[in-house]
Structures are given as structure tokens and as C-alpha cells.
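Number of protein chains: 2
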Amino acid sequence: MAELPIDCRTEPSRYRHWKLALEGGVAYLTLDVNEDGGLRPGYKLKLNSYDLGVDIELADAVQRLRFEHPEVGAVVIRSQRDRIFCSGANINMLGLSSHHHKVNFCKFTNETRLAIEDASAHSRQTYICSINGIAAGGGYELALACEQILLADDGSSAVSLPELPLLAVLPGTGGLTRLVDKRLVRRDHADFFCTTAEGVRGKRARDWRLVDTLIPPSRLADETHKIAESVAARSDRPRDAKGISLPTIERAIEGDTIRYGHLTVEIDRERRAAKLRLNGPDAAPPADAAAIHGQGAAFWPLALARQLDDAMMHLRLNETEIGTWVLQSQGDGALVEAYDALLARQSSDWLVREIVLYWKRTLKRLDVSARSLIALVEPGSCFAGTLFELVLAADRSYMLDGTVDGSNLPAASIRLTAMNFGPCPMGNGLTRLASRFLAAPDRVDELKSEIGQAIDAEAADELGLVTFTPDDIDWEDEVRLAVEERAGFSPDGLTGMEANLRFAGPETLETKIFARLSAWQNWIFQRPNATGAEGALKLYGSGKQAKYDRKRA
Amino acid sequence: MAELPIDCRTEPSRYRHWKLALEGGVAYLTLDVNEDGGLRPGYKLKLNSYDLGVDIELADAVQRLRFEHPEVGAVVIRSQRDRIFCSGANINMLGLSSHHHKVNFCKFTNETRLAIEDASAHSRQTYICSINGIAAGGGYELALACEQILLADDGSSAVSLPELPLLAVLPGTGGLTRLVDKRLVRRDHADFFCTTAEGVRGKRARDWRLVDTLIPPSRLADETHKIAESVAARSDRPRDAKGISLPTIERAIEGDTIRYGHLTVEIDRERRAAKLRLNGPDAAPPADAAAIHGQGAAFWPLALARQLDDAMMHLRLNETEIGTWVLQSQGDGALVEAYDALLARQSSDWLVREIVLYWKRTLKRLDVSARSLIALVEPGSCFAGTLFELVLAADRSYMLDGTVDGSNLPAASIRLTAMNFGPCPMGNGLTRLASRFLAAPDRVDELKSEIGQAIDAEAADELGLVTFTPDDIDWEDEVRLAVEERAGFSPDGLTGMEANLRFAGPETLETKIFARLSAWQNWIFQRPNATGAEGALKLYGSGKQAKYDRKRA
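Taken in sequence, the protein lines are chains A and B.
According to our numbering, the first sequence is numbered sequentially starting from 1.
According to our numbering, the second sequence is numbered sequentially starting from 1001.
Note that these hints are calculated values from the structure, not bench results.
Treat the hints with care, since some could be wrong.
[Claimed, not checked] DSSO-like mimics (lysine-lysine), calculated; alpha carbons at most 30 Å apart, straight line:
id	chain 1	residue 1	chain 2	residue 2
1	B	K1226	B	K1203
2	A	K44	B	K1019
3	A	K182	A	K203
4	A	K275	B	K1551
5	B	K1019	A	K182
6	A	K242	A	K226
7	A	K19	A	K242
8	B	K1226	B	K1242
9	A	K360	B	K1182
10	A	K551	B	K1448
11	A	K551	B	K1182
12	B	K1360	B	K1448
13	A	K448	A	K360
14	A	K448	A	K46
15	B	K1046	A	K448
16	B	K1547	A	K551
17	A	K19	A	K226
18	A	K547	B	K1275
19	B	K1360	A	K360
20	A	K182	B	K1547
21	A	K44	A	K551
22	A	K551	B	K1360
23	B	K1360	B	K1019
24	B	K1019	B	K1046
25	A	K44	A	K544
26	B	K1182	B	K1019
27	B	K1547	A	K275
28	B	K1275	A	K551
29	B	K1448	A	K182
30	B	K1203	B	K1182
31	A	K547	B	K1551
[To be verified] Residues from chain B that face chain A, not an exhaustive set, calculated with beta carbons under 8 Å:
id	residue
32	H1099
33	D1181
34	A1190
35	C1194
36	N1318
37	T1320
38	L1438
39	A1515
40	A1519
C-beta atoms are modelled at their ideal positions from N, C-alpha and C, and glycine is treated no differently.
Work the whole structure out from these sequences, hints included.
If you want it as C-alpha cells, here you go:
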């Protein structure tokens, strides 16, 4: 399958698979997959099955609903088709895909499901799934990401996770974890359910907690709407506010350079590294919430988050051999701090809430990116508050101690703001500072006294906020060696190592999905029993029986 | 490499790699690996490196110290060699091993490390590691399992995890998890450490929390002994008690039947299943602690635990294609209950404490076995208390409702005892009952009122204690279908699914090691970058450079 560049930028007028409709405080996201609309040639998206392209549209819709529709308090996910809700990830697509594409695909769909849950929990835009027909595999996993699952009680509508019996793989979008850890399905029931290809319907589905409510098919649409309206009525979103629109993110790709308004990405193919340079704001922040709304998508924190998010997706999907992301910044740290202060002051504004939540999700996307992250804190950089989270997200950071011979730039400093102490937790539920200082939890509170200070390299080292602080003489060699060394290691080994070291401390649904379930799925995606010439995933639909190596490992 | 049967039964007089010596309340376990003593032909165990055979001896020593030496309150792990503590798992052995052997090897070594930590925490036999020379890879992971790590401060002794840079794999025995979750090493320090093949020594090793204490080499032996003596002095183990001896576990393997004193294993190769039938006690329990000590290793709960443990290891290592373990029992549930009551009454006795801790570990070994577990509760069975934990550990259970036509056996019943409510937690820290009823936590307390009752199938179903309760007419078909269906699924898919469904709820060091780190390691063990013809693990020592697929996944 040819690996054409994948572009994650879209908008409702270009959707091929989803219809977005609004009815007062309720939005409807209706799945009607265009069979011939696959992202790649070679497969047909039959039975409302999906590929990455379908999920890119879903992710866009979830994002737009938050920013463009403050009046929406509930979102119903449903199918346009009669007997089929969604049959999950397209199997022929999976069979044709490279290992890294499968893994990337599963990661992105998981991030989209988590964005749905984040919208329900924190944007108060609650997702409800209304199932008429079969919700199989990824179809049921989409339902599991919703807060309520309504199922037609018609003797045939059913939910299922048939991956293991049919394909010899696992549900790849958090299904196993959400069964036992979100819906608290008893593990013996989950065992039966996940080994029964035809799934479970009716009363048993409800008794086993697989769905919440059974509704006669003739009343399904009406009851769904009633439930959605009552959920929407409990939302704190402002019914009469005006949303902001999210225009297409502008970018220019010229050779190995990608230019966004506030971000430049430069790819160094020899060192298999991409430098991401984030630019701080050009001017002081606007005065109040009204002015933020006036700037809309051009408001610096929102514009930068969108650009960083798009750049990460571009690099993940299209630059798979670029294994290291070098994080840099340029600008005035005091201005970044002023923007953070504005976000804190206006935190009760719905749009500001969305912007902060979006930074949280964007930073989480960084945390789970299978790339080595090296942060460079140099003279002229502006790693303050929100931007300092990138330094904390890095596997390792270097801060230049002092000035550089022949340069006018002042010595590098970093700044802490309220954004480092709560609003942007990692997937493990802790702030990056708390994750960093598990051995000295009091340190986090002590660091609050540093808010508002410009912290130089020596102090940053003392406070444990950066890894190494070479001076001008050592800087270039030390940084070059670190990046080159990384390029020499096994990419798989690095992915596994980083996934283990990045998430110390407590585990959550989210870390279980990314660090545990995903690892098992990656393993199984490599096993001949699934993806070998005689594996179940390869042979599905051929009429031939898979041949399994029977050894248990 | 020929796959000869592996026997886990050993004793100190047969050790080839470890020396066990006692000095009052301190035991010394000294590693002196016999290069030519590998479990399989084809590799030499150079530089105090180990294979499964070395770890089988270590596991045996850890177990014996608990039961045979109540007077020992501290155990020192050290090396006989001058400049090398331990260089970890033997790389040539790994390169020659099949995937399932590598996975089995890592699982067993992890269980042994956890047994060491369990001894320190609960048997109050505290492990201290005294490192003179290089502790690399699995060598340092062994140190990480100890409560204190002492390092010679001689300018060359160092600790390292060179797996990623040298072999393109991960530390396979919990190293990454223990770094950041047990020793709370900062993740950027951990990142540097795990990518630096030569490791870290001296002050940096201590400042980064990689070791606890630096000791000049000339004083290492004396200081180690002093520290061990002071730790031993704080133990609650009885200095003047007499241990019991653990004779060789007797078993007879005849064709597909393995007979132990209280356990029979029958292998059904066609259905790829092994039936494990545990026998209840023959008679009422002894009266008091003195009588338990008198029976020693013949005391039914201890004898059965040892037999079950040995049977599981035999099946794991030597019957890899037998993918389902069917758990059955036979005997008088009231007698099992009486034994449990005795264990509860005598819980302050050191030997009883060891027996209960051993059941805890044995049941955990069952939990992490990569086999489908189906429990059958039939007329004549004795699934009470401790033995009922096996039913709770099963992926699914069937309980026959009523009597069987033409049989005199009374209808099956189960019984709860205090053993179901605390002493045998799973790796996630919860009892199996609490893990089962995450959706209804009050249920666990309510079930306490059932203690002492014989619970029939209808009541067990009502209480949620078993999965299905077919009657005599349906029993045979339903059970046969369940076992045959399991044999038809992909073994890898089942392993991944079960690992995800079995451990809902909180995560601990232990579940992170088995469910997260192990899954990543399994994945990496399958990747051509590690184990392909040009992979790092295959080429190690050949002088050739590994060739990596650079795509990040």
C-alpha cells in the first residue's frame, strides 16, 4: 500500500463519513461510511467499518463541537444504517497495513475516544451512544467511550468484541480496559463476552453492564433525544454564547521545513531528528475574556496548540523514521507568563476552559508519542508555564548555563506558572512536576514559591527542573552526542523503554490503555498467529482457516 | 536447542551456581556461576551471567530460607567473583531460545524477584545486595529486588541496564518499573541511565537513587555484615525456633498423568487442556501450632501448595501447547474449612505465616500463568476458602446445579472462609472477591455473612460467585464446548486478553511488571530489530553491527 502523506486537517463540509446535525442543545453525529472513501486504495469500508480517515473526521467533529458550539450539552453518536451501528476497524485495511501504521492507527483512535470522554467529563458536552443494529469490535469500543449506551431491544441488535475469536487480535481501542475498568463488567462475564463472536444482546447485555438501557426499536429515536435533552439541560455550557470558528490550520511544507504561524519544524534526516521550535507571543495578551473571544482561533495559546497538535500528527503519520523530536522555543518568557496569568484569571470562561483542556490533551499527545523527546533550553528561549510543560514532558532536557560567546541573547531562564501545578495533568492523573518528584513530593509545593521568578540554569539544576546544564563550551558537543546517540538505538527498544519510564506513579484507565493494552496489542500484531501468511487477520474473509502455533507464551 | 523437560525441584546440596551460608541471623547467598552448568547446551555462563537453571536455584534458596531458617532475619546477596557481581541474563542463551522460552524465563525470574520482596516485607527476612564490581542488566535488576543496595566505592564498581543500547531489548525482570516506581528515580535520570551501556558509579549512582550506600572496597564485607546484622535484629522472626525441612516434592509422571500426593494432573492433548484435580485433606486438621510443626512439610495446606506450584511450573515450562488448565477438586469442603480456621487461629505462628504467604504467592503464580483457567465445581468437590480462590482466579467457572443421575455424590457446594477476605491478595493488592465485585464493593462485606455456609449452585449464581450453573443435562456439553472452543482460539490472543481482563482496578509495581513491562518486552522480543537475523540480540558478540528498521511504532 503506497504511503501517501496523511493530512489530519478537515472540516464538516469535507466529511465523507459523518453527518453533524444540531437540534438545540443536542448534536447528532451520524455515521454513514462511504464504502469507497478509504484513506488508501485496496479496501472497501463495508458495513460502516472505519479506517484512519473516518476517525480523523470524528476527531475533528469532537474538537469543533467544543469550540464552535458552546450551546451543545449532549452529543448523540448513532448510525445512518438500519441494521448496523458500526462494525469497527476495517479488517482488510488492517490486513494491508504495515505494523507501524496499525499501531499509529490504534493510538490515534484511542486518543479520539479519550477526547470524547474528556468532553463529557470536563467540557460538559456529554456523549451518548444510541445503537440500532450491530455494534461490533471498534463499533462497540466507540460506544464504550460514551457515558451512556442505549441499545435497541429488538432481538437482534447486539454488542460484541469479536476480535479474538475472528481475528486473533485484541480490541485495539481500549475495549478490554473499558469493559472491566470503566464499566466494571465482571471479569468472567467479560471473558465470555470477548470470546463470543456474535456478542450479547437484550437483557443479558444490560445485566452484565455491557449497555445501560434497552429501548424498543420503535421508540429508540425519541427516547434517545429525550435522554440527550435531559443530559444537555444539566450541562454548565452557556446556551446563548457564540462559538468561535476553527479555520483550517495554515502550514507550508518546503522540503524538510514545515512552517506554521507560531511553530517551525525542521527535519534533520541524517540524525533522524525533527526540531520543533515554538514561538512565544509577539505582544502582551488581550485584556479580558471578551478580547479573547474577539481573537478567536488567532488567540496565541489556542493557535499554537492547534499548530503543535497538527505538527505532531504529521510527524507521527508521515515521518516514521524521524525518531527524535527536539523541543525548542523562542521568545519572551515574561509574555508567556502573562498569557498563563490571563488563562488563570479567566478560567471560568467557557472558551478559556476549552483552550486549557486542549493544551492538556495536546501535551498528553506528546507524552504518548513514540518518539524520543529532548528539550533544549537555550538563550532566547521562552519555556515558561505552559511551554515549560514540554520540557517536563521530555525524556531529557539540556539547559545552557550562561551566555553564548558572540551572541547578544541573555542567558536562558525558565519560569513556573499556575499552569504547571494542576490544569494539565498527565494520563496518570498527576502533574508532570508531581510525576517528576515522586521521591520528594513536598518539592512540588515548595516550587510554588518560585512562581514568577526567572530561574537560571544553576538554580534550575539545583531545583531538579532540568537534566543537564552544560555551558557554552560543552553545549554543542553534548547536545549533538545526545541526539546522535538516540538515532543509533533500536526504535522499538526506545518506544518500549520510554513508555515504561514516562508513567511512574498511579495508573488510570488512560495509562492502562496506552501502556498495557497497547503493548499487548503491539505484540499480538507481530505474531504470526495474527499477521503471518496463515494468520487469522491475513486470512479473514478468504474462507481459509488460520493455522496457529499452539505454544502459549 | 533441544527442549528437554525442565525440573524446578532442587536443594542446596545440588546447587551449581549459588552458595548458601549462615552466620547467626544473617544468611549469605553467594553467586558463583558455573560456566559449564547451563540448563541447555550451546552457551557458556560467563561473567556470572545466568539462565533459568541459575534462577531455579535462587528461587529454591529463597523459599528454603523462609521455611528452614526461622532464625534468619537478613539475607545478603553477593558475588564470589572479584570484579563482577552479575552480568545478568546470558545473552547467548537468549539468542538461542525460542520466543516462548524467553517469555517463560522472564516471567519466572520476575516471580523470584517478587518472592524476594515478599520475604523482605512479610516474612521479615530482609534482602540486602552487596555489590563489588559490575552489576549489569539482570544483575542490577536482582539488586533492585533487594531492600538495600550497597556499592563498592572503588572508581570502577558500577550498576547498569545496558539492554537497550547493547541488545535492543528491555530489562526483562522489572528493572524499568523498579527504577521509577520503587526507587523513585527521576525519569530523566532513568532515561540517561538506561541508555548508557557502561552504567553509573560512585556519587552519581547514590545521588540518583540507583544505590543506597557507597562503601570503600576494603570495608565492604565488614560493613555489609554490620548492616545485615542490624536489619536482622529488627526482624520479628524467632531466633530460637527450629525450621522445618522441605524434602523433594514427590511426583510420578506416567504418560499424560502426573500424580502428586494431593494433586493429579491429566493432560488431554486433543483438547490441549490439562485437568488439575486438587484433593482435600483426608482427616481433620491437627489441634495446634505444635502439631503443625510436627507435621512439617506433610501438613496438608503446605504439601498441596508445593505440589500445585511444582505442577504449574512443569506445565508452563514443558507443556507449552497445553493452553487450558481445568481446575477441579475432590474432597470434603468442611475439612478444608476446618484447615482454614486453624490457619486463621494460628496466624501469629511464624510457620503458619509462611504457609499462608506461600499460598498467596502460589495463587499469584496462577493469576499470571499464560493459560486459560476454567474451574469446574462438581458434586464431590471441595472448593472452600483457600481452594475457592482457584475458582475466583479462573477466567470462568461452571458449577453443576443439583446431583448427577446415577451418582451418589451430593450436589456441589462452595464455602467462603476468612482466607477469601484478605490473606491472599492478587498482584493488584485487592482480594479476588474485591476484584470480582468492583461494580458493587459492598457485596464483599455482605458476603462475610456467608462464611461457614455451604452455598449451593443456585445461591452461588445469585451471589455472583460462579459464572454458569448448568444442570446435569447440560453440564457435559456446556463444559466440553467451553474447553474445545478455547483450544480453537489463538494462544497469543488469549494471553493478551486474559492479561488485560484479570487485573482490573488498581495497579501496583507487580501488575505493572507483569502486565505492562512484560507486554512491551514480549513485543520487542518479536521485533526483527532485536531477534531478526540482523537484530542486536542475534548479533551480539559477533562483531557485526545490528541493522535496524528505523520506523518508529
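Original post:
What are the numbers of the hints the structure violates, in ascending order?
Top reply: Of the numbered hints, 2, 5, 10, 11, 14, 15, 19, 20, 21, 36 do not hold.
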